[in-house]
Structures are given as C-alpha cells and as structure tokens.
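Undergrad: Listed in order, the protein sequences are those of chains A and B. In this text, residue positions in the first sequence follow numbering that gives the first Met the number 0: the first is 0, and each later residue adds one. In this text, residue positions in the second sequence follow numbering that gives the first Met the number 0: the first is 0, and each later residue adds one.
Worth flagging that the hints you see were computed from the coordinates, not collected in a lab. Keep in mind that this is a model prediction, so the values were computed, not measured. Among the clues, some could well be false.
For identical chains, the list gives no copy identity; a pair is met inside one copy or between any two copies.
[Claimed, not checked] Using 16 angstroms as the maximum straight-line C-alpha spacing, the simulated EDC-like pairs for lysine to aspartate or glutamate come out as follows:
no., residue 1, residue 2
1, LYS148, GLU134
2, LYS209, GLU170
3, LYS39, ASP75
4, LYS209, ASP115
5, LYS39, GLU152
6, LYS148, ASP84
7, LYS148, ASP227
8, LYS22, GLU137
Letter by letter, the chains look like this.
Number of protein chains: 2
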Amino acid sequence: MPSAICLLSGGLDSTTCLAYARKQGFDCFALSFDYGQRHKIELEAARRVAEALGAREHRVVSFDLRSFGGSALTADIDVPKDGPDPQTIPITYVPARNTVFLAFALAWAEVLETTDIFIGVNAIDYSGYPDCRPEFIEAFEHMANLATKAGVEGRTHVRIRTPLIRMSKREIIELARALGVNFRLTHSCYDPEPSGRSCGLCDSCRLRRKGFADAGMEDPLEYAADYDASAI
Amino acid sequence: MPSAICLLSGGLDSTTCLAYARKQGFDCFALSFDYGQRHKIELEAARRVAEALGAREHRVVSFDLRSFGGSALTADIDVPKDGPDPQTIPITYVPARNTVFLAFALAWAEVLETTDIFIGVNAIDYSGYPDCRPEFIEAFEHMANLATKAGVEGRTHVRIRTPLIRMSKREIIELARALGVNFRLTHSCYDPEPSGRSCGLCDSCRLRRKGFADAGMEDPLEYAADYDASAI
Numbered sequence: 000m001p002s003a004i005c006l007l008s009g010g011l012d013s014t015t016c017l018a019y020a021r022k023q024g025f026d027c028f029a030l031s032f033d034y035g036q037r038h039k040i041e042l043e044a045a046r047r048v049a050e051a052l053g054a055r056e057h058r059v060v061s062f063d064l065r066s067f068g069g070s071a072l073t074a075d076i077d078v079p080k081d082g083p084d085p086q087t088i089p090i091t092y093v094p095a096r097n098t099v100f101l102a103f104a105l106a107w108a109e110v111l112e113t114t115d116i117f118i119g120v121n122a123i124d125y126s127g128y129p130d131c132r133p134e135f136i137e138a139f140e141h142m143a144n145l146a147t148k149a150g151v152e153g154r155t156h157v158r159i160r161t162p163l164i165r166m167s168k169r170e171i172i173e174l175a176r177a178l179g180v181n182f183r184l185t186h187s188c189y190d191p192e193p194s195g196r197s198c199g200l201c202d203s204c205r206l207r208r209k210g211f212a213d214a215g216m217e218d219p220l221e222y223a224a225d226y227d228a229s230a231i
Numbered sequence: 000m001p002s003a004i005c006l007l008s009g010g011l012d013s014t015t016c017l018a019y020a021r022k023q024g025f026d027c028f029a030l031s032f033d034y035g036q037r038h039k040i041e042l043e044a045a046r047r048v049a050e051a052l053g054a055r056e057h058r059v060v061s062f063d064l065r066s067f068g069g070s071a072l073t074a075d076i077d078v079p080k081d082g083p084d085p086q087t088i089p090i091t092y093v094p095a096r097n098t099v100f101l102a103f104a105l106a107w108a109e110v111l112e113t114t115d116i117f118i119g120v121n122a123i124d125y126s127g128y129p130d131c132r133p134e135f136i137e138a139f140e141h142m143a144n145l146a147t148k149a150g151v152e153g154r155t156h157v158r159i160r161t162p163l164i165r166m167s168k169r170e171i172i173e174l175a176r177a178l179g180v181n182f183r184l185t186h187s188c189y190d191p192e193p194s195g196r197s198c199g200l201c202d203s204c205r206l207r208r209k210g211f212a213d214a215g216m217e218d219p220l221e222y223a224a225d226y227d228a229s230a231i
C-alpha cells in the first residue's frame, strides 16, 4: 500500500481530503500543527478524525506563529464576522502558513520515503488566501523536488495532491458524505466559544454553512448565531 | 534603511552573510531555530553574533525535528568523523531543513513587510546538501512570491539573497575578515564536546579548518582533535 502524508486541521476540507486519500488506498500519516492558533480546539477534532479514518499515525508539530503575529488567528486582532469581502485577502490569512505546513510535511515525507502529500486546499469557495491557489501548489511541488535527497538523486518525485482544489464547498460536502465522513467530528470555526461551540459568523463558519445549505444537508454542528446567508 | 531577515545559525557562513547584509545597509532581523539539533550550543553563538553585528532583533523559533529524525543531527545516529564523501549526501543532512527555515523566514518577512531574506548557503565548499544549491533557492523564491499576500497583490517581490553561494570557504573567510567578523564568536561543529569545544573532525569542522588553512589564517577556535587535511 503506498503511503502519504495528509495535512489535517480537523476541518471539513482536510478531513474530506484524508478520507479521499484513504479511499484511494493510501496508508496515511496525518500531520497537524499547534501553531498558536486561536482555535486550538481544532487539534482535538484532528485527533478524532485521524482515529476515525484509520490514519496510521497522527503527529502534531508545535511552534508559535504568535511570535510573528500578523493575523487574526495568531494575534490579538478580532476575527471578522460580517462576511467575506471578495476583493481583499482577509485578516485571518496567516502569513506563509501553508508554506510552513508543507515544509514540515516535506520533511516527514522525506524521512518516511513517502512521495505523496495531501493538502485540502480549495480555490473556489475559499477565503482568498494566496497559498491555496493552484499556482502556489505547483511552485511548491517544483521546489520540493529540488529540496530533497531523493529528488536530487532522481529516485522519486514528490507530489502535492490537492483533490479538492477545484471543488465548490457543496461538492466537497457531497464527496465527504459519499466517503462516509462523520461531520460531527470536524471543526471549522475560527473563533469558537470556550465551550467549543462554533460562532457561526466567521468566514469559515459561513462557507461551511452555505455549503451544507447548497447541498440540502443538515450540518450537525451547533452554532452560537443563526445562519445568515446574506453575506456570503 | 531597507530591512531584511537574516537566517543565522551562528556558524561561519551565516555570520558572514549577516555581516555582509549589514555592510550593504540592511536593518537586519536575525532568525535562528531551536529544532532539536545535537549542536544546540550554536544558538548561543547566534545570540552573540546577532548582538555583535548589530541585528535589530534576534528571534529563535522552536520546534522539534527530532520527532521526524532521519539525520545524524536530529536522531541517535553518530556524526561521521572520517571526512566527506563527495559521491553521497551525508547523514548530517536534515530532511527539508532549509525549506522549513526559509518558510519561517518568509512568514516573518511578510509580517514585517520585508522583501529580502538572506541565507548563507554555499554550493562550493559544502556538504552536498540538496537544499544549498542555486536551483533550490531559485525555486523557493519563485514559490515564495506566489505564497504571499504582497506577492499576489503585485506590491512586492521577495528575494532570497545568497551572497556566499558561489564562494569557496577560503573566500568566505577572507570576506568575513574584510567585514571585521570576530571568528571567536562563531560555532561550526556538528558534534561539540559538552564543554562546547569543537570536535575538529566532523565535516563542518573539516571544511572550516581547511578554509582557514587555505586563507593562511589562524582559526581562533579550540579543537579536540588535531587538524587532518587528508580527508577533505
């Protein structure tokens, strides 16, 4: 069975991506990050999801991006609640986050002699983050093959796999359902209440709720605020 | 004054690179990593060097690459002492290390709105690490400009600056001398004694000692073993 590293935040997209990789026959090594994120509760979701989906291992790498700041997720800046503005990159963007995450995935992949790295990035119903776009992923893959021992020796070719990149949130939710994902295990909110309940109004909650609505499905999560489709 | 992020291990190359960046008029933000390296003592050298060379700030980001292992610097594997073999990538290579380091540098650069990142990689008198080669650096720079907010908005262009990449160790040492570097503050050994004294026989000690010999200069560091030029 081929192996793969699967980046896993515990959210809808990375969970679906892991379920997809498992379905494709990969032995999955799930990788999460405790980077000082406001919504650290997602790590608990990641743990549950990795177990439920039969990941071979689940590692959490810790470092503190709060020391750099620059984002509502890693600094003392409010998470916006009034819906995404398609013209700007939102303040929830964490500088170079996917570059850092993929760099660690590459390190682990190289040690395990694995060539496949799955990441649940999405460039359709997404927050406009630069490091979710196909051109970024292609450039990272090219760099990765020059960065590593196996790449230099021509033994292997690293692949950054992004099965969700061209899907709408509705399509991701439908794929997750077809793959048997238990949505109750996942967590998407950027700014959960101390109880863990999702706020319902941050961009991530909004995208998720609209996806469920579009798919005509019920989201099993509880939200603090009623659904408001006006600002999506 | 333009600002720059300078990766700083406290070794000869990164110290020279920082001194060069300062000389070029950059306001330097030095960045080091506590990644579980065997020679953690280098962080003390980095602190001394950052201060001596007038870096505006010196940050140390911590994470544990020992959890992945795969290198004599991060796993329970002996550091080779019998000289480099030019045909193979040595076991001191740490998987994807420079990718991880540059990813963090990019994150900090983006928060500071800095576009210049200095790294003291060298592809002449080096250990054959894949992530020290010009093609890797070029690919990283290309990726970095697609990864970031400013890159996407076309406001800035990230530059990975590698002033030492085509220099021999002798030339680096001569440049360092011209820049007034205090060699006594630096640390190069991969496997220092508990006292901090350098082993003298690891690849890093050998390259350094040969560089000083070629430059006709005396290395002020103390070594546990006599100099042996036979295996360089």
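Undergrad: Would you mind marking each hint as holding or not holding in the structure?
TA: Structure-based check of each hint:
1. LYS148 - GLU134: Cα proximity of LYS148 and GLU134: across copies only (14 angstroms, versus 24 angstroms in one copy).
2. LYS209 - GLU170: within (12 angstroms within a copy, 61 angstroms between copies)
3. LYS39 - ASP75: Answer is within: at 15 angstroms inside a copy they meet the 16 angstroms cutoff, but 32 angstroms across does not.
4. LYS209 - ASP115: neither (31 angstroms within a copy, 40 angstroms between copies)
5. LYS39 - GLU152: This pair counts as neither: shortest intra-copy Cα distance 39 angstroms, inter-copy 30 angstroms.
6. LYS148 - ASP84: Classified as between; 15 angstroms across copies, 42 angstroms inside a copy.
7. LYS148 - ASP227: neither (50 angstroms within a copy, 28 angstroms between copies)
8. LYS22 - GLU137: neither (24 angstroms within a copy, 36 angstroms between copies)
In this structure, the hints that do not hold are numbers 4, 5, 7 and 8, in rising order.
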